[in-house]
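Asker: Chain by chain, the residues run as shown.
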Amino acid sequence: MSANQILMSGNEAIGEAAIRAGVDAYFGYPITPQNELTAYMSHRMLEEGRVFIQSESELAAVNMVLGAAVSGKRAMTSSSSPGISLKQEGISYLAAMELPAVIVNIVRGGPGLGNIAPAQSDYWQGTRGGGHGDYRTICFGPSTVQECVDLVYLAFDLSDKYRTPAVILADGRLGQMMEPVTFDHLEPPNPPEKPWALTGAKGREQQSIKSLFLDPDVLEELNVRLARTYEKIEQNEVRWETLQMDDAEVCIVAYGTSARVSKEAMKRARDEGIKVGLIRPISLWPYPYEPIRQAAETVRFFLVPEMSLGQMIEDVRLAVEGKRPVYHTGRVGGNVSNPKEILDAIRDCCEKV
Amino acid sequence: MPSETAAKKSDKRRGYRRPYALTEAVTHYCPGCGHGIIHRLLAEAMDELGIREKTIAVAPVGCSVLGYDYWRIDVSEAPHGRTPAVATGIKRVQPDKIVFSYQGDGDLAAIGTAEIVHAANRGENICVFFVNNTVYGMTGGQMAPTTLLAQKTQTTPGGRDQVVHGNPIRVCELLENLDGSTYLERVTIGSPANVRKAKRAALKAFRTQMDGKGFSLVEFLAPCPTYWRMSARDSIKHINEVLVEVFPPGVIKDNTGQE
Ligand SMILES: Cc1ncc(C[n+]2csc(CCOP(=O)(O)OP(=O)(O)O)c2C)c(N)n1
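In order, the protein sequence lines correspond to chains A and B. Each residue of the first sequence is one higher than the last, beginning at 1 in the numbering used here. Each residue of the second sequence is one higher than the last, beginning at 1001 in the numbering used here.
Simulated from the structure, these hints should not be mistaken for laboratory data. Where a beta carbon is used, it is the ideal one built from N, C-alpha and C, also for glycine. Every clue listed holds true.
Derived CB-CB ranges, DEER-like:
| id | chain 1 | residue 1 | chain 2 | residue 2 | range |
| --- | --- | --- | --- | --- | --- |
| 1 | B | Met1210 | A | Phe213 | 31 to 39 angstroms |
| 2 | B | Asp1161 | A | Met178 | 57 to 65 angstroms |
| 3 | B | Ala1193 | A | Arg128 | 54 to 62 angstroms |
| 4 | A | Trp124 | B | Arg1200 | 47 to 55 angstroms |
| 5 | B | Asp1161 | A | Glu47 | 53 to 61 angstroms |
| 6 | B | Gly1250 | A | Phe213 | 38 to 46 angstroms |
| 7 | B | Asp1234 | A | Leu219 | 36 to 44 angstroms |
| 8 | B | Gln1258 | A | Gly49 | 29 to 37 angstroms |
| 9 | B | Arg1018 | A | Asn223 | 31 to 39 angstroms |
| 10 | B | Asp1254 | A | Val224 | 45 to 53 angstroms |
| 11 | A | Met178 | B | Pro1248 | 53 to 61 angstroms |
| 12 | B | Met1210 | A | Leu219 | 36 to 44 angstroms |
| 13 | B | Thr1155 | A | Gln54 | 32 to 40 angstroms |
Far from chain B by the CB rule (all over 12 angstroms, computed), these chain A residues:
| id | residue |
| --- | --- |
| 14 | Asn4 |
| 15 | Ile6 |
| 16 | Pro30 |
| 17 | Asp150 |
| 18 | Tyr162 |
| 19 | Arg163 |
| 20 | Gln176 |
| 21 | Phe183 |
| 22 | Pro192 |
| 23 | Ala227 |
| 24 | Thr242 |
| 25 | Glu249 |
| 26 | Ile274 |
| 27 | Gly310 |
| 28 | Gly333 |
Straight-line distance between alpha carbons at most 20 angstroms, and here's what the computed DMTMM-like set of lysine to aspartate or glutamate pairs gives:
| id | chain 1 | residue 1 | chain 2 | residue 2 |
| --- | --- | --- | --- | --- |
| 29 | B | Lys1097 | A | Glu205 |
| 30 | B | Lys1054 | A | Glu205 |
| 31 | B | Lys1097 | A | Asp24 |
| 32 | A | Lys202 | B | Asp1047 |
| 33 | A | Lys194 | B | Glu1053 |
Build out the structure end to end from the sequences listed, making use of the hints.
Answerer: Given below as structure tokens:
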């Protein structure tokens, strides 16, 4: 461990990364497994002279974020799956009002109250908008505590740049696990000017920020403008990691905690002589379709380990376009596959194809 | 929409001076609606206190959602009922600004009950202007939490029945018990004298915030002739004779230390 590294849980590291990114206001409501994040912010924000509120609900929290965002400030809220469902109305409004904000989801088992164990079953919600209406949110799926730090910092910048909310989709294991992290490489925050912010009509015309457009033609203009923003994000902000794809006959596509386990399974498969490579999406939206499309030209099949019944697999299939078989594996209900289970799945699939 | 000069000319003819904080836009409100009067009161109050340029309002989902077209101030929209949460976010990051939410009874006392109770309980240094017209105006006159017993609405065609639909909520009295609330007053716009009183309450609410004294709420008993199915004149009578019995006007709580 180098001198500048400290041991932190994912939840706390996310909080500190937000502080380093210059978050002006944090609003949260208790829910496991993300409570360490709210607790961390409860003292760090006050130490920094910034705003912290434990709100009465997730509905209130996300709308306090909205209030801070219309003021031109950097704002964040965090929760876990059931709480994120409650925030979806607010996230839809944030998207419609073209407001930056960062929303952290430390995903737990679902549906319903589910449990407090790690899961990846909110992938659709995180990558398909989640609330009502035609919109997207930037969505990052970190797989280490250091990556939580880096992606939270980036989420603030991109959310400001494109004026759209950004979601961090981690899971309970990442939130709870401790790893060495550094913040030294993070530049001091440099948010853009926000002339659209509501700061009082002093020396200028009044301004408003809204999402109601009764005239369908006017709403259509907003929809088209949002679509252009999303196109730009798709062009510029796709991020992924590739491992040993050069000679791969089998391609694993996995993100977050599943990717960590997959890496170990991949190593064991290679020891047995099965040439496995890995594509790890880092941005879940925009999705790295292109590297997967290219892999479809050379590999025999794809395996998608997920801590869900199979959600991201739909994106893999979109990329592969039926050219190769795409298989799912994984545990659900808050369980995490071990490397042996994934290795077994690789072997089984090899026999099928 | 009339041109600015045409509007001014007609204003002059009536001996009417438009507060600067009120735009020239012609409101979309129904004849006899209370929102226009209350918008004007707030605009006059902002002008008199010289706070127009540092005031930020939060408009609700309801008939007054277009508030940003009518006030010459910065205005944010909020999802239905979340108005006090949005106002909280704005005020906490811009404590030097004046922040108010403007809410109907559906927005404030049904879907947004949690938000108003907790904003009051935290003693947020904001003003809430609460328009109690005993119905949901925007969606076509359904029962509101403030609908009177026996009042007919789209969803209480036989009249509000206590057993089936519960009772009208008295918001000021509900918030009175919270230690965080500073100033709560119920006013009516049922006569010129009462309109002047209502404006004094608005001024006092703004001053409470300017002095950093915390949460204030002014409840306006206001007419909705369209969904009361009454003439504008009968609606005023209805406020003065019926509404005030259920929602007694007056200062419900005053910890401001002001006159
Ligand atoms: C989440 C949500 N639920 C319902 C609605 C529909 N809706 C719009 S306005 C309104 C009620 C408004 O009534 P009130 O707050 O009393 O204000 P008024 O229109 O009478 O001024 C409702 C239910 C909505 N826009 N959003």
